[in-house]
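Student: From first to last, the protein sequence lines stand for chains A and B. For the working numbering, count along the first sequence from 1 and bump the result up by 388. For the working numbering, count along the second sequence from 1 and bump the result up by 4.
Note that these hints are calculated values from the structure, not bench results. Hints are supplied without guarantee of correctness; some may be wrong.
DEER-style ranges, computed between Cβ atoms [to be verified]:
| id | chain 1 | residue 1 | chain 2 | residue 2 | range |
| --- | --- | --- | --- | --- | --- |
| 1 | A | 763 | B | 24 | 42 to 48 Å |
| 2 | B | 182 | A | 639 | 56 to 62 Å |
| 3 | B | 32 | A | 768 | 53 to 59 Å |
| 4 | B | 265 | A | 591 | 43 to 49 Å |
What the simulated footprint calls covered on chain B by chain A, stretch by stretch (three residues with Cβ under 8 Å from a Cβ of chain A suffice, anywhere in the stretch; the number is not a length) [to be verified]:
| id | stretch |
| --- | --- |
| 5 | 76–88 |
| 6 | 140–150 |
For the chain A half of the interface with chain B, some residues (derived, Cβ under 8 Å), not all of them [what the hints assert, rightly or not]:
| id | residue |
| --- | --- |
| 7 | 432 |
| 8 | 662 |
| 9 | 714 |
Backbone N, C-alpha and C fix where the C-beta goes; we use that ideal spot for every residue, glycine too.
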Amino acid sequence: MRRSPEPKPDPMSASDLSSANRPSIRRSEAPSSGGSAAVDMDVAIAGHRRRMVRRVVLLVAFTLAMLAAGLADVVTGPSGLTLHDLWRAVLAPGEVDRTTAVIVWTVRLPYAVMALLVGAVLGLSGVEMQTILDNPLASPFTLGLSSAAAVGASLAIVFHLAPFGLPESWAVPTLAFLFAFGSVLLLQAMARLAPAGRETLVLLGIALVFSCHALVALLQLIAPEDVLQQLVFWTLGSVTRATWEKIGVLAAIFALVMPFSMAAAWSMTVLRLGEDRALSFGVDVRRLRYASLIRVSLISSIAVAFVGPIGFIGLVGPHIARMLVGEDQRFLLPTSAMVGALLLSLASVASKAIMPGIIVPVGIVTALVGVPAFVLLILRQRR
Amino acid sequence: MDQDISSGLVVEGVSLGYGRTPIIRDLTLPALRRGTLTALIGPNGAGKSTLLRGLAGLGNLTGSVRLDGEELHRLPRAERAMLLGFMPQSLPPPISLSVLESVVGSLRAGTGASSHSRAGDPVRRAYATLADIGIAELANRELSALSGGQRQLASLAQAVARRPAVLMLDEPTSALDLRHQTVVMREVARLTREHGLVTIVVMHDIALAARHADQIAVLRGGALRAFGIPREAITARLLADVYDIDARVETCSRGSLQIIVDHAL
Ligand SMILES: Nc1ncnc2c1ncn2[C@@H]1O[C@H](COP(=O)(O)OP(=O)(O)OP(=O)(O)O)[C@@H](O)[C@H]1O
Ligand SMILES: [Mg+2]
Numbered sequence: 389m390r391r392s393p394e395p396k397p398d399p400m401s402a403s404d405l406s407s408a409n410r411p412s413i414r415r416s417e418a419p420s421s422g423g424s425a426a427v428d429m430d431v432a433i434a435g436h437r438r439r440m441v442r443r444v445v446l447l448v449a450f451t452l453a454m455l456a457a458g459l460a461d462v463v464t465g466p467s468g469l470t471l472h473d474l475w476r477a478v479l480a481p482g483e484v485d486r487t488t489a490v491i492v493w494t495v496r497l498p499y500a501v502m503a504l505l506v507g508a509v510l511g512l513s514g515v516e517m518q519t520i521l522d523n524p525l526a527s528p529f530t531l532g533l534s535s536a537a538a539v540g541a542s543l544a545i546v547f548h549l550a551p552f553g554l555p556e557s558w559a560v561p562t563l564a565f566l567f568a569f570g571s572v573l574l575l576q577a578m579a580r581l582a583p584a585g586r587e588t589l590v591l592l593g594i595a596l597v598f599s600c601h602a603l604v605a606l607l608q609l610i611a612p613e614d615v616l617q618q619l620v621f622w623t624l625g626s627v628t629r630a631t632w633e634k635i636g637v638l639a640a641i642f643a644l645v646m647p648f649s650m651a652a653a654w655s656m657t658v659l660r661l662g663e664d665r666a667l668s669f670g671v672d673v674r675r676l677r678y679a680s681l682i683r684v685s686l687i688s689s690i691a692v693a694f695v696g697p698i699g700f701i702g703l704v705g706p707h708i709a710r711m712l713v714g715e716d717q718r719f720l721l722p723t724s725a726m727v728g729a730l731l732l733s734l735a736s737v738a739s740k741a742i743m744p745g746i747i748v749p750v751g752i753v754t755a756l757v758g759v760p761a762f763v764l765l766i767l768r769q770r771r
Numbered sequence: 005m006d007q008d009i010s011s012g013l014v015v016e017g018v019s020l021g022y023g024r025t026p027i028i029r030d031l032t033l034p035a036l037r038r039g040t041l042t043a044l045i046g047p048n049g050a051g052k053s054t055l056l057r058g059l060a061g062l063g064n065l066t067g068s069v070r071l072d073g074e075e076l077h078r079l080p081r082a083e084r085a086m087l088l089g090f091m092p093q094s095l096p097p098p099i100s101l102s103v104l105e106s107v108v109g110s111l112r113a114g115t116g117a118s119s120h121s122r123a124g125d126p127v128r129r130a131y132a133t134l135a136d137i138g139i140a141e142l143a144n145r146e147l148s149a150l151s152g153g154q155r156q157l158a159s160l161a162q163a164v165a166r167r168p169a170v171l172m173l174d175e176p177t178s179a180l181d182l183r184h185q186t187v188v189m190r191e192v193a194r195l196t197r198e199h200g201l202v203t204i205v206v207m208h209d210i211a212l213a214a215r216h217a218d219q220i221a222v223l224r225g226g227a228l229r230a231f232g233i234p235r236e237a238i239t240a241r242l243l244a245d246v247y248d249i250d251a252r253v254e255t256c257s258r259g260s261l262q263i264i265v266d267h268a269l
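Use the sequences and the hints to build the structure in full.
Tutor: Below, the structure is given as structure tokens:
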């Protein structure tokens, strides 16, 4: 065990004491005598930098992997399409035949982009929920947000509700969104009444999942034959509902939310050290929790409203990201978003490969492939 | 350090508790001067942690807590957090965050963060703190890969690195070996003296407290039972009174105070 040499007055002190009569704990940072402490410091800081660099490299790698998965997603599908066709359809739409252009621009590209975007939203939402609620099981799905959205969508479909005189393609997602976001506000209000806020929220969320499932089942029971299939299909979660307008809305809100999340990264990192510590460092924990919950509920409600319930990404993405980059939320938040995007994009590719000629709803794929992968991950971690 | 009368921490008529259960009622402490270390002792459940959390601004405290004449609980959150350093009794969880990162986090998080990080490179400052308390070699180890005692030292570093004026440590040595107990107390005492801090340390080891503290405050049932310099405050009668033990208070051949517990009453 090394002791650093005795302190000497350091040049920082003048500016340091400017704030009134507050004395500070100061130590010499680069002792002149016996450079070994200084060398130790440089070695340690180099080690610290290497950790950072490794994470940045990982972020870059994930960006590339995401692009590759997205590309694979665009070129796979029932009607054969080569990279070359894609290239031409994107760069010079006038030169390819109409069918190719239509397939690329109204089917393949929007689906692929939506998969990436929704995956990123779910990954980010999940990791923030897990951090602020201090619960590894928190996610948009487990908090009942997806289930509430399903109730809203089912109501819209069964009763042909069209709030604000919206066309049907927007009425269903609008109602789904209102129910999802409303459910979080309700949960938040209820959890406030209870003394132990954090666990209550997760418990109430799970209770909400059950009630919503019952409601959806009830609606399916009374639904006329002709809308039943539509109903069931909605609850499966699929990116085939993507349109460029929806992508635009989701991307815009995501771009608006992400900077706020990144700005709260340090506060969330120290929150992981315990609430008392975060409070003593001057973090307004209540506000942090509230703002974060509202933020991620907003984006995940929109995502779920557009594509339907997709489980697992919001739960597993954060866990994988945590294993890769640790708890420094400056890296964990974007990594989790990227892992989510990558997972959903790969699931979208798989959804076309499972049964030739049919696009299996991606919600089914994430659960089918996700569960075993997750179990493996957990078992490996425990060892 | 100028030591005029108003310089130091004054705790007056303080009450706090949990929900509707009061734990501390109308507690007043003699003024704690800057540059002095106060050991807060007392049996389990005496209210030591409750009091410390309250002073650190984490409980629903009523009453007056003034530093150099300034009412602390009227200060904005950020300013207060700059003045107060608090180390909770619970260890930081074993998460995958390096010790250095956790200390940098203590400097960068919160609303007062910008002023903390302005005073030099946070990473260098964080490392210097680790070196001071003798855990420089743990800098890049993750909290999840540390022993309990090592995590306790990391927790201490997080509180100390912020350079607070009032340093409140809740059982900082409870998980430490004999050498580290001494190293930590010596370092805390040195910081206290050199920088004119008001330091309050909760501890159970009375001999260790007597060795390093300028004064000892004894708490039981949320009330102050004794206060004074160690040699005068710690008596066999007090120990019988407060801890319900039959104990001797002796001076060893080197002159330090020793407690020998004969049996529990
Ligand atoms: N969160 C809580 N809710 C209700 N009562 C509590 C809570 N925390 C502590 N108490 C009660 O407050 C009293 C004082 O507890 P405190 O933690 O301050 O004791 P302490 O002196 O720090 O004890 P120890 O030496 O065991 O750490 C105890 O009777 C305890 O049961
Ligand atoms: Mg305690």
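Student: Give a verdict on every hint.
Tutor: Comparing the hints with the structure gives:
| no. | hint | in the structure |
| --- | --- | --- |
| 1 | 763/A <-> 24/B: 42 to 48 Å | holds, 46 Å |
| 2 | 182/B <-> 639/A: 56 to 62 Å | holds, 60 Å |
| 3 | 32/B <-> 768/A: 53 to 59 Å | holds, 57 Å |
| 4 | 265/B <-> 591/A: 43 to 49 Å | holds, 45 Å |
| 5 | 76–88 | holds (count 7) |
| 6 | 140–150 | holds (count 5) |
| 7 | 432 | holds, 4 Å |
| 8 | 662 | holds, 6 Å |
| 9 | 714 | holds, 4 Å |
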